[in-house]
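Chains as they are written, first to last, in UniProt numbering: chain A, 1 to 341; chain B, 1 to 341.
Just so you know, these hints were derived from the structure itself, not from any lab. A couple of the hints might just be wrong.
Identical copies go unnamed one by one, so any copy, or any two together, can satisfy a pair.
[Stated by the list, open to error] For lysine-lysine, the following DSSO-like pairs were computed, each having C-alpha atoms within a straight-line distance of at most 30 angstroms:
#: 1; residue 1: 291; residue 2: 241
#: 2; residue 1: 113; residue 2: 48
#: 3; residue 1: 184; residue 2: 113
#: 4; residue 1: 241; residue 2: 113
2 protein chains.
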Amino acid sequence: MTAKDNRPLTLRDVSEESGVSEMTVSRVLRNRGDVSATTRERVLAAAKRIGYVPNKIAGALASQRVNLVAVIIPSMSNMVFPEVMTGISDALDETDLQPVVGITGYQPEKEEKVLYEMLSWRPSGVILAGIEHSDASRAMLRASGIPVVEIMDVDGTPVDSVVGISHRRAGQQMAEAIVESGYKRIGFLGTKMLLDHRARKRFEGFTQALAKAGIEVADQEFYSGGSALAKGREMTADILKRTPDLDFIYYSNDMIGVGGLLYLQEQGIDIPNQIGLAGFNGVNLLKGLPKRLATMDACRYDIGKQAAEIIAARVDQEDEVEPTTVMLEPTIDFGDTFRNH
Amino acid sequence: MTAKDNRPLTLRDVSEESGVSEMTVSRVLRNRGDVSATTRERVLAAAKRIGYVPNKIAGALASQRVNLVAVIIPSMSNMVFPEVMTGISDALDETDLQPVVGITGYQPEKEEKVLYEMLSWRPSGVILAGIEHSDASRAMLRASGIPVVEIMDVDGTPVDSVVGISHRRAGQQMAEAIVESGYKRIGFLGTKMLLDHRARKRFEGFTQALAKAGIEVADQEFYSGGSALAKGREMTADILKRTPDLDFIYYSNDMIGVGGLLYLQEQGIDIPNQIGLAGFNGVNLLKGLPKRLATMDACRYDIGKQAAEIIAARVDQEDEVEPTTVMLEPTIDFGDTFRNH
DNA sequence: GTGAAAGCGCTAACAA
DNA sequence: TTGTTAGCGCTTTCAC
Numbered sequence: 001m002t003a004k005d006n007r008p009l010t011l012r013d014v015s016e017e018s019g020v021s022e023m024t025v026s027r028v029l030r031n032r033g034d035v036s037a038t039t040r041e042r043v044l045a046a047a048k049r050i051g052y053v054p055n056k057i058a059g060a061l062a063s064q065r066v067n068l069v070a071v072i073i074p075s076m077s078n079m080v081f082p083e084v085m086t087g088i089s090d091a092l093d094e095t096d097l098q099p100v101v102g103i104t105g106y107q108p109e110k111e112e113k114v115l116y117e118m119l120s121w122r123p124s125g126v127i128l129a130g131i132e133h134s135d136a137s138r139a140m141l142r143a144s145g146i147p148v149v150e151i152m153d154v155d156g157t158p159v160d161s162v163v164g165i166s167h168r169r170a171g172q173q174m175a176e177a178i179v180e181s182g183y184k185r186i187g188f189l190g191t192k193m194l195l196d197h198r199a200r201k202r203f204e205g206f207t208q209a210l211a212k213a214g215i216e217v218a219d220q221e222f223y224s225g226g227s228a229l230a231k232g233r234e235m236t237a238d239i240l241k242r243t244p245d246l247d248f249i250y251y252s253n254d255m256i257g258v259g260g261l262l263y264l265q266e267q268g269i270d271i272p273n274q275i276g277l278a279g280f281n282g283v284n285l286l287k288g289l290p291k292r293l294a295t296m297d298a299c300r301y302d303i304g305k306q307a308a309e310i311i312a313a314r315v316d317q318e319d320e321v322e323p324t325t326v327m328l329e330p331t332i333d334f335g336d337t338f339r340n341h
Numbered sequence: 001m002t003a004k005d006n007r008p009l010t011l012r013d014v015s016e017e018s019g020v021s022e023m024t025v026s027r028v029l030r031n032r033g034d035v036s037a038t039t040r041e042r043v044l045a046a047a048k049r050i051g052y053v054p055n056k057i058a059g060a061l062a063s064q065r066v067n068l069v070a071v072i073i074p075s076m077s078n079m080v081f082p083e084v085m086t087g088i089s090d091a092l093d094e095t096d097l098q099p100v101v102g103i104t105g106y107q108p109e110k111e112e113k114v115l116y117e118m119l120s121w122r123p124s125g126v127i128l129a130g131i132e133h134s135d136a137s138r139a140m141l142r143a144s145g146i147p148v149v150e151i152m153d154v155d156g157t158p159v160d161s162v163v164g165i166s167h168r169r170a171g172q173q174m175a176e177a178i179v180e181s182g183y184k185r186i187g188f189l190g191t192k193m194l195l196d197h198r199a200r201k202r203f204e205g206f207t208q209a210l211a212k213a214g215i216e217v218a219d220q221e222f223y224s225g226g227s228a229l230a231k232g233r234e235m236t237a238d239i240l241k242r243t244p245d246l247d248f249i250y251y252s253n254d255m256i257g258v259g260g261l262l263y264l265q266e267q268g269i270d271i272p273n274q275i276g277l278a279g280f281n282g283v284n285l286l287k288g289l290p291k292r293l294a295t296m297d298a299c300r301y302d303i304g305k306q307a308a309e310i311i312a313a314r315v316d317q318e319d320e321v322e323p324t325t326v327m328l329e330p331t332i333d334f335g336d337t338f339r340n341h
């Protein structure tokens, strides 16, 4: 037996209950304008008594303001985006803006759909992962007239503002560090990269920098789906069967790297002397491992935080603000899987 | 240079562009009512040409319908809720409902706030984790008059419908299995449980069932914060220093369990003969480990899926439907850390 | 098959 | 400090 019969309460109900005009009730509930302490308390008491919950739909329509920020990301199930979200939440907690999340599953068509859905709620801003979007998506974003921040990746042309790292450069830096440490027979294991542009850019930067040192990737393999940890084990076993003389494996993310690390330790292989390893992302998980996998911090928290701050700033000062570009500097953490460190 | 000057487009703009009345434009855009193919195409073309995105705020206010389902959960950063969300999304994908997520951080006051915010958007339904809520929260839920499904836990009195497992029983079952396998000196490691009711219930069921077998928990420790994997290592080391003769450790979640498992393997301890281990949740991660930790599937995906299905069914048939209770049966996976299995 | 009028519940702007 | 009036952009209802 739920209370279904009674229509939702309105301002009018509070007004009648308190004997104060709707307008003044509205002011009290929003802490807007001057209201006498007496009236204020009478209204608050009445609202509480009848259990009034404001209708934001009506409020948003009337005020033409929605305190929502659309956040559009590919996934929530790996470790990377939750941390971005934390940064966004922390920044927005200081404002009256609220994040609303949409998930694209790395599919451009889904992104377009989610974006359309989100924009139809007229949010105050949009944060979206990546810098590659369909023409239709870009058009929607531009036409929306609201602040847009693309995050994670700065290698490309943003619609408006952008906060991220250069994944191409991240790949290069890792390659340089590997070469510098004297590794020569280098393998790469990663996700299928048709839709993961950031992984692709890292790989491109990686091979480029190796080429500069006269080295070619000795072997490589790509996966999709499944438990990353398990995939890391399998692929590591595979690649070493195929190419036993590898002395370094670069993984496109930390989870498959950890899978590989655990497998190699089990096999009694000397890490980092016989084989060196590195991943990417700087996930917190690594801290609890027997050996800490070398990795590169992707600045996820900061990216989220700064993106949200840009939105918040734009919302405050309605006037024309120039698009911002923030390029963060990821740093290598050599952990215990890198020779000479 | 963003296009800020031009106000967002309205139905009226599409109407003018296409030479069709606002009303008919509205019908086309919603696929409602009979519209001639000619008119339909003319409208669609016009909408696309000028880049119109409907205003759902206005639509929702006018129609008194919002295709949103509020999902309120404690956290997104562990492995459990993302999987619940996947179940919810999968179920809602077959409807025109959309999930909107709010995060409480396990804090009742935050839950109350988030719930209030969410309800003020007048969603079509609410799914919220746990069955313990403040009186104010319960009152809001009841007063909202919309379908409510509490998830994860069935040990208590729901506001409306509920889908979950009995955590008390889960703890009992694990205790029984441990006793049956002949373990005698049993330790417990878990989170501080003041606010994590489900962990508390598992612990209560666990100690209860042990008591029935004449066994008391030999040692225990609780943590909060930090990397679960690292905490699992530390606490495992600690508890064995204090109580070296333990022959089983029950962890309140898989992540700290894995930390413990990796630590003990490093120490050369024979698992499961010298010490047996078990966690809780059945996270996918376990598959990639050298030894698979014993665990108990918490039916997370199914819980999400069924909860969403209940909401969807309720939204369809407006008429009074009885509150549903669905109690799922978790199963033990003995993995490689349980003697005699 | 199409259009005109009314109003969803709230807030901006102005009046008192 | 408080109240009144007029919409916000759409959908419902009813008329054509």
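Violations among the numbered hints, reported as their numbers in ascending order: Result: hints 3, 4 break, sorted rising.
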